[in-house]
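Spelled out from the first residue to the last, the chains are:
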Amino acid sequence: MRDDVEGKPLVEVRNLKMYFPIYKGILRRQVGQVKAVDDVSFTVHEGETLGLVGESGCGKSTCGRAILRLYDPTDGSVILDGTDIASLNTDDLRQMRTDMQMIFQDPQASLNPKMTVERIISEPLIEHRKGMSAKERSDRVGELMDAVGLNRTFANRYPHEFSGGQRQRIGIARALALSPRFIVCDEPIAALDVSIQAQVVNLLEDLQQKMGLTYLFISHDLSMVRHLATRVAVMYLGQIMELAPSGQLYSDPKHPYTKALLSAVPEPDPREESRRDRIILQGDVPSPANPPTGCNFCTRCPVAQPLCHQVSPDWREIEPGRFVSCHFAE
Amino acid sequence: MSDTSLQEMPKASSLSRDVWNQFRVHRGAMAGLVIFTLIVLAVIFGPMIHTVDPGFMNIRLRNAPPSWANPMGTDNLGRDIFAQVLQGGRVSLAVGITAMLLALFLGALIGVLAGYYKRLDGPLMRFTDLFLALPLLPLLLVIIMLFRDTLRQAFGPETGIFFLIVFIIGITSWMQTARIVRGDVLALKEREFVLAARSIGTPSRRIILRHILPNVISPIMVSATLGVANAIITESALSFLGLGFPPDFPTWGRLLFDGKDFLTLTPERVFWPGLAISLTVLSVNYIGDGLRDALDPHIRGR
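Protein chains in written order, with the UniProt record's numbering: chain A, 1 to 330; chain B, 1 to 302.
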């Protein structure tokens, strides 16, 4: 694990906001908005893996999709290598797509059931490498299938003939087809069973070393993120609560939410487990359509003060490389 | 891992070959294909072998039972029914298939556009509702009153009325297809493989052609097969109302309606065209069923 990576920033996300309007009534008037991603800023350095963790519905996936401009962000900018993706027009965006790809959560749903593996993997090549002959394309698909550990003889098969892990490999091969530099992994292992998860994670690590990839790794699996990520960002209700190098975040969490989240990871040893103090949060996550005033976490925070209910905390760097959004974190 | 790189990429097996291989396994579909081919061949080449003029009246041989000279008997004016069924089949099949294709094209187009583009959904579906709410018969009357004579002058009486009927049936029967297709497209476009295609940078029109259409093919297939039957029957209803082809011009529907008055006297007059319609509809349905299965990799799969 490399805690000291300070490569040059590849992706810079600045004040990204993604609001979804709510329409109601006969006239379909807009009555509010779901603040799925609310003012998020971070950078991803070249060659690193940034883990993005948080509970279900906190906006992790939306954030990943907005970064790749699969949604049009409400506000903010996403700068990939000097170009602002969030404001590009359609044609330029299409060109940028070769640099950034996505690996999806559900390998069953992310592959077209009516296409063979070869057609699925060659789709990006057909779209972006117009000069390629059919022979070259087929060779490239073969290389990619080798790279992700799929037997080349499977090229004519359909997705339903594969196991979950193999399907995810197909999805990875498709994402790699254009040799992108930045890949958003949207919970790539959540739909797989545990033995396959390790295979896929190892594959992702191997590929990163060989091809110098940069990952934004979205997950709710804290131990997997600890294993894989260089730095970790913790999200809650559309905002990032804490961002720190992986080792420091797990050994010394600063934000009360991170502390509570980490204390939910069970201990393998039952004696340790029974003696351990768990921080159990009270109540439910507020609706992102109606977040609390002040700090987003104030309604459930065990150490909340009156100030927290009034003033939204700044996103501040308390130590070099450690960012926290809390008034009282030291 | 190491020995996989030594293997050659397998030759892409052609999709049409796979589909045909699966289609052959479906017995009903094969039977349907054989019967439908026979009907088409009989209708095209039959009048060259059975050279009796369908309009020739042999008054002395009225209401004759089947014989070697008149294999299906004769009608109340002494016309040969077999010759009329063959002649009528040409028109009925042509009307049925062309009208179905037109309705299918319109229905699939409107359904896909409404389902895929959110902005078009409202207007297009209200447009569909509008067509569903239209009282068909008055509409048909108006259309025919307006266009019959101009079309007849432009293309001749039979071809002109053919275009008119195909057009009328086509534009009044696409709504069901459009609704079904829209529903399926709405569900499909939320699937992650469509999102994956967008993250690759595939433009919308190619997403529709490559990802959406192949996945809505089965409901389209079903409405297609039902559409043929519907078109044949609508054509006969139109002819019966005097809005279709001229009265002396045989179509299957026309023969059926002409024969119904003589049901007690010569029941075979209704039987033969009815049999032809039923066999066509049934065989087309089975062909559609087989095709749908053959196009689905889950069923085609090993």
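It is possible that some hints are incorrect.
[Said to hold, decoys possible] Now the stretches of chain B that chain A is said to cover, found in silico as 3 or more residues with beta-carbon under 8 Å: (1) 49-62; (2) 135-149.
[What the hints assert, rightly or not] Heads up, simulated DSS-like pairs for lysine-lysine below, C-alpha to C-alpha not over 25 Å straight-line: (3) B:K189 <-> A:K24; (4) A:K24 <-> B:K260; (5) B:K189 <-> B:K118; (6) A:K135 <-> A:K114; (7) B:K118 <-> A:K17; (8) A:K114 <-> B:K189.
[Unchecked claim] Among chain B residues calculated to face chain A with C-beta under 7 Å, some are: (9) R17; (10) A196; (11) N215; (12) G274; (13) S278; (14) H298.
These aren't lab readings, by the way, just hints derived from the structure by calculation.
Here a beta-carbon is modelled for each residue, glycine too, at the ideal position from N, C-alpha and C.
Against the structure, the hints:
As drawn, the region 49-62 of chain B meets chain A at 0 residues by the rule of a beta-carbon pair under 8 Å; below three, the given contact is violated. For a cut-off of 8 Å, the count of residues in the region 135-149 of chain B with a CB near a CB of chain A stands at 0, and the three-residue condition is violated. Distance restraint check for B:K189 and A:K24: the Cα-Cα separation of roughly 23 Å lies within the 25 Å cut-off, and the hinted pair is therefore satisfied. Annotation: proposed proximity of A:K24 to B:K260 is violated, straight-line Cα distance about 57 Å (limit 25 Å).
Under the criterion of a C-alpha separation no larger than 25 Å, the hint pairing B:K189 with B:K118 is consistent with the structure, at around 11 Å. Annotation: proposed proximity of A:K135 to A:K114 holds, straight-line Cα distance about 22 Å (limit 25 Å). Restraint check: the Cα-Cα separation between B:K118 and A:K17 comes to about 23 Å, which is no more than 25 Å; the hinted pair holds. Note on A:K114 and B:K189: the hinted pairing holds, with a Cα-Cα distance of about 15 Å set against a maximum of 25 Å.
At its closest, the beta carbon of B:R17 sits 12 Å from a beta carbon of chain A; the interface hint therefore is violated under the 7 Å criterion. Satisfaction of the interface hint for B:A196 is found here, the shortest Cβ-Cβ separation to chain A being roughly 5 Å, below the 7 Å cut-off. Interface restraint check: B:N215 against chain A, minimum CB-CB distance 6 Å, threshold 7 Å, status holds. With 7 Å as the threshold, the beta carbon of B:G274 stays out of range of chain A, its nearest partner Cβ sitting at about 39 Å, so the hint is violated.
Given hint, B:S278 at the interface with chain A, is violated; its Cβ is 33 Å from that chain's nearest Cβ, farther than 7 Å. Below 7 Å, beta-carbon pairs count as interface contacts, and B:H298 has one with chain A at about 6 Å; its hint therefore holds.
When held up to the earlier numbered hints, the structure conflicts with 1, 2, 4, 9, 12, 13 and fits the remainder.
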